[in-house]
Structure formats: C-alpha cells, structure tokens
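Make a model of the complete structure from these sequences and hints.
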Amino acid sequence: MFNRIKLRFCDMKTISTLISGADEQARISGEDEPGAEHYLLSALNLSDGSARKVFERAGADPDKFRVAIGKQYNDALNSVGINDDPIKADPELIASTKIFHNSKPSGQAVMKALYALKQEDKDKPLVGAHVVGVVAGMDHGVAARALRAMGLDQKCIANLVKEELKSHH
Amino acid sequence: MADINSLPSPNEPEEALAAVVALRVMAERLEKKAVKKAIEQGWSWSQVAEALGVTKQAAHKRHAASIPKKEVTKNGDR
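Sequence lines, in order, name chains A and B. Residue numbers 295 to 463, in my numbering, belong to the letters of the first sequence in order. Residue numbers 6 to 83, in my numbering, belong to the letters of the second sequence in order.
Just so you know, these hints were derived from the structure itself, not from any lab. Built from N, CA and C at the ideal position, the CB exists for glycine as well. It is possible that part of the hints are untrue.
[Stated by the list, open to error] Just the calculated beta-carbon pair ranges, DEER-fashion: (1) A:K456 - B:P73: 40 to 50 Å; (2) A:I309 - B:P73: 42 to 52 Å; (3) A:L411 - B:P73: 33 to 43 Å; (4) B:Q62 - A:N396: 17 to 27 Å; (5) A:N396 - B:P73: 21 to 31 Å; (6) A:K449 - B:A21: 21 to 31 Å; (7) B:G47 - A:G431: 28 to 38 Å; (8) A:S310 - B:Q62: 27 to 37 Å.
[What the hints assert, rightly or not] Straight line, CA to CA, 30 Å or less: simulated DSSO-like cross-link-like pairs of lysine-lysine: (9) B:K41 - A:K365; (10) B:K38 - A:K398; (11) A:K365 - A:K300; (12) A:K460 - A:K307.
Structural data, given as structure tokens:
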C-alpha cells in the first residue's frame, strides 16, 4: 500500500517534469503549445535516462532528435520548392513566463496514452522510455517523420523500449 | 507563387500533409517576427490586426506573449 502511494507520488513528479519540459521545448521552438515531438525532447531530459538509452540501443544519438525535427521540416519545404528558409531557420523564442496549459492534439494524445499505460501497469514507475514508446507508436506527424529521418524504425523502437523497461525495473 | 501542379500531389497525403505542416510553421514564424517588428516600429495592435485580417483582441491574444511587456503596454491602447 505504502509502495503504491510512493510510486504514485513519483509518477506525479515525473509527469509534472515531463509537461513543464515539453512546454519549455515548445517555447524554444517558438511554438505556443507542445506537440508529441516536444514531449519526446522533454523525455530525453528526464533524470531516469531511459529515453536516451532507447536511442542509444538503436545506435542513434538522442541529441540529434532536435536536428531531425528541423530536417523533416526542411525536407517538406523542399518538396514545395522552398530550398532556403526565407525567414531564417531560427525560431522566435517565446519570452513569456506563462505556463502553458494546453498541448497540441499530438501532445494530448501522448498524455492520454501514458495515462492508459499507467492504468494497465500500476506497479512500475513512469519513465522516459514509456514516452519514447508512445511517440514511436505514432504513424504520422512531426515526431514520426523526425524519427524516420533519423532512420529509426517503429517496430525496432518498440522492441528496444520493452528491453529498456525490463532492464530498468 | 508556386504553381499548384508543382506542389506534392494530394494523392500522396503523407508528403502533402508534411508540406502543409511545414508551411504552417514557417508562416507562424514569419507572422511572429513581423508582428514583433511592427510593434517595435510603433504600430498599434489595431493596425497589426487590420494587416493580419483578424480582430485586435485576437492579434493581442496570439502575440502579446512573444513581445516585451513595455512594447505591449506602450502600443496597447492605440
């Protein structure tokens, strides 16, 4: 009983860090609300380190995920004949200190999936690898395209997440 | 403006929708930068709203957070 309460407290702390981290990543990208890609960036910064380990197990550098997000935007712009970002690649950092309370639909989908995961497994703590698993399970969108731009395969990531979760607990 | 026929085919939705998202992000960045410059140059929120084709309230709500507070207050009542 006490362990359950302790675990729940830990998960609440992780979720809070994950959300505030995703907000921060959205702000850095000059976007008003975090999407799935910002939740993944935030998960890569979680102190449990499991999200980074999944990338490393796949032979990918977790620090390159942000670059991959930019690459998938550039590739998409190239497909419409825009080869050089006319407004410079650097986004405008949002200066506000306001905490965002909303996420883009893809960000909301990440949180819903994490909640469902926790309902299924109440005995294990929520860690960054769970977020990687949820985001990698998305077929479309910015995060999915960025993972593909890194050469990361959905099924491969799903297996590596399972391995990481086994070794983590 | 690019010829519509040179754009990704809607028959390839993955590529076409990726382009739509990227264009939207690029447009949002351009809008943020341009509004910030306009306010710095002394435009009122009414003028910004008129140029964007939205209400003054919508323009302010959307962009005030990205603009230094002194500029927001200075131009807010114009």
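Hint check:
| no. | hint | in the structure |
| --- | --- | --- |
| 1 | A:K456 - B:P73: 40 to 50 Å | 48 Å, holds |
| 2 | A:I309 - B:P73: 42 to 52 Å | 32 Å, violated |
| 3 | A:L411 - B:P73: 33 to 43 Å | 41 Å, holds |
| 4 | B:Q62 - A:N396: 17 to 27 Å | 18 Å, holds |
| 5 | A:N396 - B:P73: 21 to 31 Å | 23 Å, holds |
| 6 | A:K449 - B:A21: 21 to 31 Å | 26 Å, holds |
| 7 | B:G47 - A:G431: 28 to 38 Å | 49 Å, violated |
| 8 | A:S310 - B:Q62: 27 to 37 Å | 32 Å, holds |
| 9 | B:K41 - A:K365 | 26 Å, holds |
| 10 | B:K38 - A:K398 | 21 Å, holds |
| 11 | A:K365 - A:K300 | 41 Å, violated |
| 12 | A:K460 - A:K307 | 22 Å, holds |
Comparing the model with each earlier hint shows violations of hints 2, 7 and 11; every other hint is respected.
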